[in-house]
Amino acid sequence: MKEKEIEIFRKLNGQLEGLYDEMSALSKKTPTDAINKFKLKFVNQLLLEINALLNDEYKPFTEFIKFEEDDLPTNSDVVLMLSQYLNCMEKLRDDNIALDDEGDWCWVINKKMSDIQTSPPKKI
Amino acid sequence: MLIRPRLNDAYNLPFTQEEVDFAIPFLDEDLPLSVDPFLLWKSPSQQDNALNTLVTNSFNHLGRLFLQGKEKVAIDMLIKASECYEVGLGDSRKRRGRPIGVNTAKSIFALYKDIPQINKAGFVHFEEIQLFVDNISKDRISDITCSFIKSHLIDYTIFQSKKLGIPRVKIKDVTVYDYKTNVFLKEDVDLPCNPDDGQPVILVPRRWLRYTPWINYDDYYAKYFIGKAALDNIKVSTRIELLDYNRHNYDIVQAYTGIKELKRQDCKNDPLFEPIPILSANKKFLTIKKLPTGKTGNADRAYEDNICQLMASLLYPQLDFAAVQSRTESGVLIRDLVFYNNNSHSFLKDIYDRFNCRQIVFELKNVKTIEREHINQLNRYLNDQFGNFGIIVTRNPIPNNIFQNTIDLWSGQRKCIIILSDIELALMCQLYKSKQRISLDVIKKKFVEFERACPG
Numbered sequence: 001m002k003e004k005e006i007e008i009f010r011k012l013n014g015q016l017e018g019l020y021d022e023m024s025a026l027s028k029k030t031p032t033d034a035i036n037k038f039k040l041k042f043v044n045q046l047l048l049e050i051n052a053l054l055n056d057e058y059k060p061f062t063e064f065i066k067f068e069e070d071d072l073p074t075n076s077d078v079v080l081m082l083s084q085y086l087n088c089m090e091k092l093r094d095d096n097i098a099l100d101d102e103g104d105w106c107w108v109i110n111k112k113m114s115d116i117q118t119s120p121p122k123k124i
Numbered sequence: 001m002l003i004r005p006r007l008n009d010a011y012n013l014p015f016t017q018e019e020v021d022f023a024i025p026f027l028d029e030d031l032p033l034s035v036d037p038f039l040l041w042k043s044p045s046q047q048d049n050a051l052n053t054l055v056t057n058s059f060n061h062l063g064r065l066f067l068q069g070k071e072k073v074a075i076d077m078l079i080k081a082s083e084c085y086e087v088g089l090g091d092s093r094k095r096r097g098r099p100i101g102v103n104t105a106k107s108i109f110a111l112y113k114d115i116p117q118i119n120k121a122g123f124v125h126f127e128e129i130q131l132f133v134d135n136i137s138k139d140r141i142s143d144i145t146c147s148f149i150k151s152h153l154i155d156y157t158i159f160q161s162k163k164l165g166i167p168r169v170k171i172k173d174v175t176v177y178d179y180k181t182n183v184f185l186k187e188d189v190d191l192p193c194n195p196d197d198g199q200p201v202i203l204v205p206r207r208w209l210r211y212t213p214w215i216n217y218d219d220y221y222a223k224y225f226i227g228k229a230a231l232d233n234i235k236v237s238t239r240i241e242l243l244d245y246n247r248h249n250y251d252i253v254q255a256y257t258g259i260k261e262l263k264r265q266d267c268k269n270d271p272l273f274e275p276i277p278i279l280s281a282n283k284k285f286l287t288i289k290k291l292p293t294g295k296t297g298n299a300d301r302a303y304e305d306n307i308c309q310l311m312a313s314l315l316y317p318q319l320d321f322a323a324v325q326s327r328t329e330s331g332v333l334i335r336d337l338v339f340y341n342n343n344s345h346s347f348l349k350d351i352y353d354r355f356n357c358r359q360i361v362f363e364l365k366n367v368k369t370i371e372r373e374h375i376n377q378l379n380r381y382l383n384d385q386f387g388n389f390g391i392i393v394t395r396n397p398i399p400n401n402i403f404q405n406t407i408d409l410w411s412g413q414r415k416c417i418i419i420l421s422d423i424e425l426a427l428m429c430q431l432y433k434s435k436q437r438i439s440l441d442v443i444k445k446k447f448v449e450f451e452r453a454c455p456g
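So the sequence lines, in the order shown, correspond to chains X and Z.
Following the numbering used here, the numbering of the first sequence begins with 1 at its first residue and continues without gaps.
Following the numbering used here, the numbering of the second sequence begins with 1 at its first residue and continues without gaps.
Read the hints as simulated data drawn from the structure, not as lab findings.
Just to be clear, a hint being listed does not mean it is correct.
Unchecked claim - The calculated lysine to aspartate or glutamate pairs, modelled on EDC-like cross-linking and capped at a C-alpha distance of 16 Å, are:
(1) X:K112 x X:D100
(2) X:K39 x X:E69
(3) Z:K446 x X:E68
(4) Z:K283 x Z:D305
(5) Z:K163 x Z:D305
(6) X:K41 x X:E68
(7) X:K112 x X:E5
(8) Z:K446 x X:E69
(9) Z:K42 x Z:E261
(10) Z:K446 x X:D70
(11) X:K66 x X:E49
(12) Z:K446 x X:D71
Said to hold, decoys possible - Pair by pair, the computed Cβ-Cβ distance ranges are:
(13) Z:K368 x X:I65: 33 to 43 Å
(14) X:Q45 x Z:K268: 41 to 51 Å
(15) X:F61 x Z:S421: 25 to 35 Å
(16) Z:G294 x X:N36: 33 to 43 Å
(17) Z:L2 x X:N36: 29 to 39 Å
Yeah, the Cβ is synthetic: ideal placement off N, Cα and C, and Gly gets one too.
Could you build all of it, start to finish, from the sequences and the hints given here?
So this is what it looks like as structure tokens:
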């Protein structure tokens with residue numbers, strides 16, 4: 001990965017985790033309720049940006065790009081897909097981090113160890 | 001041919017009842033509402049108050065004419081004022097009521113002679129005549145009110161027509177009351193009209209409309225007089241006797257009117273359609289779910305009744321409910337729900353443009369499985385009256401071969417038949433409750449699924 005991509009990853013991953021938490025809470029309350037258009041717009045916007053980062057190699061499903069508004073996706077549908085995306089983001093991170101000499105987890109940029117620290121892999 | 005066509009349907013104007021300030025009139029029948037002069041009296045608008053004063057003064061002027069010996073003039077004018085067919089309000093099935101007769105007019109004017117308070121000061125609320133004279137219905141009060149303020153209503157109609165693009169034509173000899181000279185004049189005015197018969201149409205603000213006037217005989221009798229009679233030991237056994245009693249005891253009517261004035265904050269205009277509450281919608285859906293398929297214990301009838309009430313609310317305000325219609329096909333009674341399509345949503349505009357769908361028909365089928373014949377029945381019906389779009393509401397999801405049947409129908413005849421089951425109904429109810437999306441989106445979803453399955 002490039003340094004710019006790591007920056008994008010950190011931003012998008014934070015947003016994805018936040019959205020997942022919000023949608024999970026909503027889904028626990030009303031799993032079969034349709035998500036409203038306002039929320040769906042931002043979910044889709046985030047998914048499109050993440051798709052660009054993950055490429056076909058890491059995308060959870062090759063056929064899925066974003067939710068169709070006309071299909072009336074439910075809260076639980078959205079949570080299901082967001083969790084898949086979270087896992088794939090973690091897989092991407094896992095493949096691009098390593099332990100440095102001091103025992104800290106750092107990003108690998110262009111196959112070289114960087115000094116950008118990150119958390120240990122979650123071992124999904 | 002449209003079912004219960006309204007003014008905007010006749011001219012393909014894209015607005016719904018919710019979006020406009022006036023009650024959209026039917027072209028072939030009356031709207032079952034009436035103008036309540038009490039709403040004008042209690043309105044915070046000075047204009048409405050002034051119009052109520054105009055009506056009361058004009059009515060009392062006729063009373064004075066009668067007392068001055070100009071009986072024929074007064075009677076002729078009251079008869080003229082007693083029917084205002086252009087507004088299309090009341091119970092008539094043909095938008096044409098009948099004016100009052102000479103005897104009824106005389107009975108009304110007799111009040112100015114018989115009741116000292118009226119003789120001296122006239123009426124404050126002329127709708128009190130319902131409590132003294134037989135055969136004065138709520139429509140009569142409404143018509144008299146509209147006749148006296150018709151000039152204002154014509155201006156209002158012209159303003160709304162310009163705003164919404166409703167075509168107008170020159171109508172000759174429209175009877176209009178002139179407040180300055182207190183006579184009815186004939187005027188030529190530009191008004192919308194029924195394109196079929198050329199009859200003029202006058203629009204009325206929704207805020208003046210109620211199903212029954214605030215002051216009315218039934219309310220007086222049930223909520224005031226019975227209690228009063230028990231307390232004072234008044235013996236009255238028939239309606240005529242009560243009307244006669246009222247004429248001789250005006251103070252009792254005055255007391256009733258006083259109470260109604262004090263309760264004026266409770267007097268509200270009636271909405272033309274009121275969606276059922278969420279709780280009722282859920283109850284209706286649960287009732288539907290428990291019903292067996294078929295006709296056991298009149299389940300089909302209960303299914304149709306519940307669906308009818310539910311759908312009208314679920315699809316409001318995007319679709320205005322038009323009518324429940326029954327027809328017989330191959331010896332079987334079929335009930336349909338018909339909605340107006342006034343392009344109030346992009347999906348509705350789409351089906352309007354592509355399928356010439358000016359009214360949407362929902363055919364109700366409380367059967368276990370939809371069969372080819374059911375599809376063919378709706379298809380034949382679409383041919384006759386509606387565009388090329390229809391909906392079947394049934395209990396269970398359809399088998400693949402029936403879905404393919406609808407696709408084939410599209411391929412061959414470019415007709416679209418969407419089928420909703422209890423599953424879609426549940427989703428519609430859920431959306432009605434959560435308000436996250438509109439229930440119409442469920443129909444759109446089924447339409448999109450249908451389109452995706454269509455070849456090409």
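- Item | Structure versus earlier hints, numbers of those that do not hold, lowest first | 5
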